[in-house]
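Chemist: Sequence:
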Amino acid sequence: MSAHSQYDILFQEQLRQLNPAQKKAVETTEGPVLVIAGPGTGKTQILSARIGNILASPDLQVQPHNILCLTFT
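Take the sequence shown: its position 36, counted from the start at 1, is 36 in the numbering used here, and no numbers get skipped.
You may find that some hints are simply not true.
Below, simulated SDA-like cross-link-like pairs (lysine to any residue); rule was C-alpha separation at most 25 Å, straight line [said to hold, decoys possible]: (1) K23 <-> G42; (2) K23 <-> Q61; (3) K43 <-> N19; (4) K23 <-> F11; (5) K24 <-> I36; (6) K24 <-> Q45; (7) K24 <-> V35; (8) K23 <-> V62; (9) K24 <-> I67; (10) K24 <-> Q6; (11) K23 <-> I54; (12) K43 <-> S2; (13) K24 <-> L60; (14) K23 <-> V33; (15) K23 <-> A56; (16) K24 <-> E13; (17) K43 <-> T71; (18) K43 <-> L18; (19) K23 <-> G38; (20) K23 <-> T44; (21) K24 <-> P58; (22) K43 <-> L60; (23) K43 <-> L70; (24) K24 <-> S48; (25) K24 <-> Y7; (26) K23 <-> Q63; (27) K43 <-> T28; (28) K43 <-> N66.
Listed next, with one range per pair, are the computed distances between beta-carbon atoms [to be verified]: (29) Q61 <-> F11: 25 to 33 Å; (30) K24 <-> N66: 19 to 27 Å; (31) L70 <-> S5: 28 to 36 Å; (32) Q61 <-> G38: 33 to 41 Å; (33) A21 <-> I67: 15 to 23 Å; (34) P20 <-> G52: 13 to 21 Å; (35) G38 <-> S5: 30 to 38 Å; (36) P64 <-> L10: 15 to 23 Å; (37) G52 <-> T73: 18 to 26 Å; (38) D8 <-> F72: 30 to 38 Å.
Note that these hints are calculated values from the structure, not bench results. Backbone N, C-alpha and C define an ideal beta-carbon position, used for all residues, glycine too.
All chains, full assembly: derive it from the sequences and hints.
Modeler: Dropping the structure here:
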(Lines of atoms letter the chains of each structure in order from A; the text may use other names.)
(Lines give C-alpha, C1' and ligand atoms only; values in the text may rest on other atoms or scores of the structure.)
Protein backbone atom coordinates (compact mmCIF):
# COMPACT_ATOMS: atom_id res chain seq x y z
CA MET A 1 0.00 0.00 0.00
CA SER A 2 1.42 3.38 -0.97
CA ALA A 3 1.94 6.20 1.52
CA HIS A 4 -0.64 8.26 -0.38
CA SER A 5 -3.36 5.60 -0.05
CA GLN A 6 -2.52 5.15 3.64
CA TYR A 7 -2.95 8.90 4.09
CA ASP A 8 -6.31 8.76 2.31
CA ILE A 9 -7.57 6.02 4.64
CA LEU A 10 -6.43 7.89 7.77
CA PHE A 11 -7.85 11.17 6.48
CA GLN A 12 -11.25 9.59 5.77
CA GLU A 13 -11.27 8.11 9.29
CA GLN A 14 -10.63 11.57 10.73
CA LEU A 15 -13.39 13.13 8.60
CA ARG A 16 -15.93 10.59 9.89
CA GLN A 17 -15.26 11.77 13.45
CA LEU A 18 -16.12 15.41 12.68
CA ASN A 19 -19.52 17.01 13.08
CA PRO A 20 -21.04 18.83 10.05
CA ALA A 21 -19.67 22.27 11.00
CA GLN A 22 -16.16 20.89 11.57
CA LYS A 23 -16.31 18.97 8.29
CA LYS A 24 -17.33 22.14 6.45
CA ALA A 25 -14.29 23.97 7.89
CA VAL A 26 -11.98 21.16 6.74
CA GLU A 27 -13.48 20.93 3.26
CA THR A 28 -13.46 24.69 2.60
CA THR A 29 -10.37 25.23 0.49
CA GLU A 30 -10.88 28.77 -0.80
CA GLY A 31 -10.21 31.77 1.42
CA PRO A 32 -9.72 32.00 5.16
CA VAL A 33 -11.73 30.08 7.74
CA LEU A 34 -12.35 31.34 11.26
CA VAL A 35 -13.13 28.70 13.88
CA ILE A 36 -14.35 29.94 17.24
CA ALA A 37 -14.86 27.23 19.84
CA GLY A 38 -14.06 26.40 23.43
CA PRO A 39 -11.14 24.37 24.74
CA GLY A 40 -11.05 20.71 23.80
CA THR A 41 -13.50 21.02 20.92
CA GLY A 42 -11.13 19.93 18.14
CA LYS A 43 -9.87 23.22 16.72
CA THR A 44 -6.32 21.91 16.24
CA GLN A 45 -7.66 18.71 14.68
CA ILE A 46 -9.74 20.77 12.24
CA LEU A 47 -6.77 22.98 11.40
CA SER A 48 -4.47 20.02 10.76
CA ALA A 49 -7.09 18.24 8.66
CA ARG A 50 -7.81 21.38 6.62
CA ILE A 51 -4.12 21.87 5.82
CA GLY A 52 -3.81 18.20 4.88
CA ASN A 53 -6.89 18.46 2.68
CA ILE A 54 -5.53 21.55 0.91
CA LEU A 55 -2.11 19.97 0.33
CA ALA A 56 -3.64 16.72 -0.94
CA SER A 57 -6.01 18.42 -3.38
CA PRO A 58 -4.55 18.02 -6.89
CA ASP A 59 -6.73 20.83 -8.25
CA LEU A 60 -5.22 23.42 -5.90
CA GLN A 61 -1.51 22.60 -6.31
CA VAL A 62 -0.63 24.43 -3.08
CA GLN A 63 2.92 24.18 -1.77
CA PRO A 64 3.46 23.83 2.01
CA HIS A 65 5.56 27.02 2.16
CA ASN A 66 2.52 28.98 0.93
CA ILE A 67 0.38 28.11 3.96
CA LEU A 68 0.22 30.38 7.00
CA CYS A 69 -1.37 28.87 10.07
CA LEU A 70 -2.02 31.05 13.13
CA THR A 71 -3.36 29.93 16.48
CA PHE A 72 -3.84 31.67 19.79
CA THR A 73 -3.07 29.50 22.78
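Chemist: Need the list of violated hint numbers for this structure, in ascending order.
Modeler: 12 and 29
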